[in-house]
Amino acid sequence: MALQPSSGDKIDHSTTPPFLLRLFYRSARPLDPYEFSQAPPPEATASTEYFSILPEPLQQSSLALYQWSDCTLAQLTRTLMTELNRQGEMEVGVGSRVVYKLIFPDTRAQVSENGRGKWIDKPLGSVVVGGREAELEDNEAFEGDSNKTLADARFVIGDYVACAVYNPGPDGRVPPMPATRGGYGAPRGGRENGFGGGGGGFGRGGGWGGEGGYGRGGYGGRGGMGGAAPPVEDWRRGDRPPGGGYNGGGGVYNGGGGYGGGYRGGRGGRY
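Residues in the sequence shown are numbered consecutively from 1, following the numbering used here.
Derived by calculation from the structure, the hints in this document are not laboratory data. On a predicted model such as this, the values are computed, not experimentally measured, just so you know. Glycine included, each C-beta is placed from N, C-alpha and C at the ideal position. There may be inaccurate statements among the hints.
Unchecked claim - Straight line, CA to CA, 25 Å or less: simulated SDA-like cross-link-like pairs of lysine to any residue:
1. 122 to 172
2. 148 to 115
3. 148 to 112
4. 122 to 44
5. 148 to 19
6. 122 to 71
7. 10 to 148
8. 148 to 28
9. 122 to 63
10. 122 to 15
11. 122 to 14
12. 122 to 64
13. 122 to 29
14. 148 to 57
15. 148 to 29
16. 148 to 85
17. 122 to 8
18. 10 to 79
19. 122 to 57
20. 10 to 147
21. 148 to 53
22. 148 to 116
23. 122 to 74
24. 10 to 84
25. 148 to 54
26. 148 to 113
27. 122 to 42
28. 122 to 148
29. 122 to 58
30. 122 to 154
31. 10 to 180
32. 148 to 41
As the list claims (entries may be wrong) - Computed spacing ranges between beta-carbons, pair by pair:
33. 42 to 179: 25 to 31 Å
34. 87 to 66: 15 to 21 Å
35. 173 to 12: 17 to 23 Å
36. 42 to 83: 30 to 36 Å
37. 12 to 170: 28 to 34 Å
38. 86 to 115: 23 to 29 Å
39. 9 to 43: 22 to 28 Å
40. 170 to 89: 19 to 25 Å
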């Protein structure tokens, strides 16, 4: 499976293995990218999963799902409703609005002095449970961007999906879309989180694997991503880079072993 499958690809679920998708949730308030920026602990190795170093509240407010890139926001919402209502942790019912976004590391940003990388977000869509089509109180008809798929949003395997749940008011009205904030949009240069020039972030030196925490020595340095620097042509996040992309193989989601493998060959890899 490609790192970023095309939205036009038809996926045979009987022959194509799913990938691990981390879905984070919160009530009435969005998750911010900076909450996911953590410095690597001294004991971290190339095989350390980044999820394991996230703050405990984030880990506890998440679901581990196995999905395909043709998964829709309606499917995610239905799963979220089932799990949260079963746990009694949060009510998601008719009239609730669920706002989704992608959260991922900005591989062009410099790592701060405390070892933290920069994370950014990208709107994914909004789903309203019930809406005008709901004739019964327990009707799970969805409105909004319910038919949008992960591939439609240019999801890259390894991205986190975060959602904020807004329940209806006392009058039963569906809550409006929350106001958007600036500051966490596309990185400098207008690319969606491209892997080109500038800083290091997770992409400079290969995450945990390089010298000095996130690694030094650029893309060919010790512990780096392996292979040459990113292409200079204009290309979008998730596209296969011109010329074959980063060297190396790497399996689905592991890319040669956790953070040391990085983005290898435009397929596999993990943040």
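ask   = Does residue 122 pair with residue 15 here, judged by a C-alpha cut-off of 25 Å?
value = Violated. Residue 122 to residue 15 sits at ~30 Å, over the 25 Å cutoff.
message = Checking one constraint from the list: CA of residue 148 to CA of residue 85, max 25 Å. Satisfied?
response = Roughly 24 Å between the alpha carbons, so the hint for residue 148 and residue 85 holds.
task = Below or equal to 25 Å on CA atoms is what counts here, so check residue 122 against residue 14.
result = Roughly 31 Å separates the two Cα atoms, so the pair is violated.
ask   = Would the pair residue 122 and residue 42 pass a check requiring their Cα atoms to be no farther apart than 25 Å?
value = With a Cα-Cα distance of about 31 Å, the restraint between residue 122 and residue 42 is violated, given a limit of 25 Å.
query = Given a hinted range of 30 to 36 Å, is it respected by the beta-carbon distance of residue 42 and residue 83?
reply = holds, 34 Å
key: Hint consistency between residue 122 and residue 71 [alpha-carbon to alpha-carbon, up to 25 Å]   = holds, 17 Å
inquiry  = For a C-alpha distance cap of 25 Å, please report whether residue 122 and residue 57 respect it.
reply    = holds, 22 Å
query = residue 10 and residue 79: Cα distance at most 25 Å?
reply = holds, 22 Å
key: Cβ distance range 15 to 21 Å for residue 87 and residue 66, holds or violated   = About 19 Å separates the Cβ atoms of residue 87 and residue 66, which means 15 to 21 Å holds.
task = Given the hint of 28 to 34 Å, check if residue 12 and residue 170 actually sit that far apart at their C-beta atoms.
result = violated, 47 Å
ask   = Can the suggested window of 17 to 23 Å be confirmed for the beta-carbon pair residue 173 and residue 12?
value = violated, 42 Å
request  = Sort out whether residue 84 lies within 25 Å of residue 10, counting only the CA atoms.
outcome  = violated, 31 Å
Hints 1, 2, 3, 4, 10, 11, 14, 21, 22, 24, 25, 26, 27, 31, 32, 33, 35, 37, 38, 39 from the earlier list are contradicted by this structure; the remaining hints agree with it.
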